[in-house]
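We have chain A; now place chains B and C onto it with these hints.
Protein chains in written order, with this note's numbering: chain A, 1047 to 1199; chain B, 40 to 127; chain C, 9 to 122.
No lab work stands behind these hints: they were computed from the structure.
Do not rely on the hints blindly, as some may be mistaken.
[What the hints assert, rightly or not] Calculated cross-link-like contacts (lysine-lysine; reagent style DSS-like; alpha-carbon spacing at most 25 Å):
1. B:Lys42 - C:Lys32
2. A:Lys1110 - A:Lys1195
3. A:Lys1195 - C:Lys110
4. C:Lys107 - C:Lys37
[Claimed, not checked] Looking from chain C toward chain A, a few residues come up when the C-beta cut is under 8 Å (computed):
5. Ala64
6. Ile66
7. Tyr67
8. Thr68
9. Met69
10. Ala70
11. Leu85
12. Val89
13. Ala96
14. Leu99
15. Ser100
16. Ile103
Note that the coordinates shown come from a computational prediction; the quantities given were computed from them, not determined experimentally.
Note that beta-carbon positions come from the ideal geometry of N, C-alpha and C, so glycine has one too.
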Amino acid sequence: MMSKIVRTITNILYSSILIFGFYIIMHGHLTPGGGFQGGAVVASGIALVLIAYGYDTAKDWIKKSNLSILESIGGLAFIGVAFLGIGTTFFYNFLANSGTLFGNPTVIGINPGDLNTAGVLPLMSWAVGLKVLAGLGSIILLMAYGIKKGDEK
Amino acid sequence: MKKYVALAALLVVSGFFLLSAIEMHSFGSPAEEDMDRYFIENAQEETSTNNVVTSIVFDYRGFDTLGEATVLFTAVVGVSLLFRRLRK
Amino acid sequence: MIGNLPFVACAVLIILGLYTLIFKRNLIKIVIGLNLVQCGVNLFLITLGYKSDSIAPIYTMAGKEEMVLPTPQALTLTSIVIGLATTALILSFAILIYKHYKTADASKVRRLRG
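Isolated chain A (complex conformation) (with noise of 0.2 Å):
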C-alpha cells in the first residue's frame, strides 16, 4: 500500500480511466483505437488500483472470477459474432449497410463521422476489448499475487 496522496489520486482517476477505456472501445471504428487498446488502458486502471492499494484491498475490489468469466464471455462472442456472418462466409461483415443496429452507410471521402456505422465491428471490438482487459487484469492481479506468496516464505 501507498502513501495517502497517491491513493487518493487514485480514487479521482481510476473511473475516468475506465470510461475514456470503454470510450476508446467504442469509437475503435472512427478514430484511432479499437478493442484491443482500450483494453489495454482499462487494464492500466486496475494495474493503478493495485499499485496504490495493495493486493489483499485490491482483491476484494476486483474479483478474479469475476474477470475469468468475463474474459470467456468475450472470447465466445468474439467467435460467436464471427460465426453469425456464416450465411456468406466467415467473419462476413453481414450488418454493414442493412439499415439496422450500426446499419448506416457511410459517406465516401472525409466525413466527420457516425456512430452507428460499421456494422459487425464494433460488436467485435467489444467482445475483444472485454477479453483484453479481463486477460490483462486476471494476468496482473495473478503476479501480484505470486510475488506476495513469495514475500511471506
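Positioned in the frame of chain A, the structure of chains B and C alone reads:
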C-alpha cells in the same frame, strides 16, 4: 574465449543489420503498395468504416485477430497454471 | 533530408536487444533485452509502411486523402499483443525461478529440477 566468440558473432550480425538498413529502399516510398491502396480506397464502401486499420484488423484479416485472441487466452491460462500450485 | 536513418535506428534497437540477450545474466535484464528486440521489430514494421507527406489511415475529419499503408499497422497491433502475452508468461517464469532458487542470476540456475 566464449565471450569473444559471442562478441564477434554479434558484430557480424550487427554489420548485416546496419548494411541492410542502409541499402534498403528509401524511407518514405514503400516498394509494394497495391494491396494497401485497395484497402484505403474500398474499406469505406465495403465495411462502412472510417478507420481503415480497424477494418483490416477485424474484417479483412479477422483470422489473425482470432489467433491473437487465442494466444492471449493461452497466456492467461499459462500464468494461472503457473501460480496455481502456490494456492494452498 | 534524413535518408534511411529510421531503418538504422530500428537496426540499432535490435542490436542493443541482442547484446543484452547475449551478455547479461540477470533474468529481468534478459526480459528487457527481449522487449528491446520486439520494439525494434515493431518500429521497423511501422517504418516500412510510411509514405512521405501522408496522414494516418483514418477518414474521420482527415486533412487529405494521402494515407500511409494500413496493413503494417494492423499487423503490428497483432504483434504487440502477442509480445505482451509472451512477456507476461516469461515474467511469471522469472518470479517462480526467483522464488525457487532465491536468485535472479541465470548462470546460477544450473539444476532445473521441477
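Evaluated hints:
1. A C-alpha spacing of about 11 Å is found between Lys42 (chain B) and Lys32 (chain C), which places the hinted pair at or below 25 Å, so the restraint holds.
2. Pair hint Lys1110 (chain A) plus Lys1195 (chain A) holds up; C-alpha atoms about 16 Å apart against a cutoff of 25 Å.
3. Restraint check for Lys1195 (chain A) and Lys110 (chain C): satisfied, since their Cα atoms lie roughly 14 Å apart, inside the 25 Å limit.
4. As the CA atoms of Lys107 (chain C) and Lys37 (chain C) are separated by approximately 17 Å, the hinted pair is consistent with the 25 Å bound.
5. For Ala64 (chain C), the interface hint holds, since its Cβ comes within 8 Å of a Cβ in chain A; the closest pair sits about 7 Å apart.
6. Taken as an interface hint, Ile66 (chain C) checks out: its beta carbon lies about 6 Å from the nearest beta carbon of chain A, inside 8 Å.
7. Hint status for Tyr67 (chain C): holds, given a least beta-carbon distance of 6 Å to chain A, under 8 Å.
8. With a least beta-carbon distance of about 4 Å to chain A, the hint placing Thr68 (chain C) at the interface is held under the 8 Å criterion.
9. Annotation: Met69 (chain C) was flagged as interfacial toward chain A, and the flag holds, the nearest CB pair being 6 Å apart, inside 8 Å.
10. Contact between Ala70 (chain C) and chain A, as hinted, is supported at the beta carbon level, the nearest pair being about 5 Å apart and thus within 8 Å.
11. Using the Cβ-Cβ criterion of 8 Å, the hint placing Leu85 (chain C) at the interface with chain A is satisfied: the shortest such distance is roughly 6 Å.
12. A cut of 8 Å between beta carbons decides the hint on Val89 (chain C): the least distance to chain A is about 6 Å, and the hint holds.
13. A cut of 8 Å between beta carbons decides the hint on Ala96 (chain C): the least distance to chain A is about 5 Å, and the hint holds.
14. Because the beta carbon of Leu99 (chain C) sits about 7 Å from the nearest beta carbon in chain A, less than 8 Å, this interface hint is met.
15. With a least beta-carbon distance of about 6 Å to chain A, the hint placing Ser100 (chain C) at the interface is held under the 8 Å criterion.
16. Interface restraint check for Ile103 (chain C): the shortest CB-CB distance to chain A comes to about 5 Å, inside 8 Å, so the restraint holds.
This entry satisfies every hint, going by the numbered hints stated previously.
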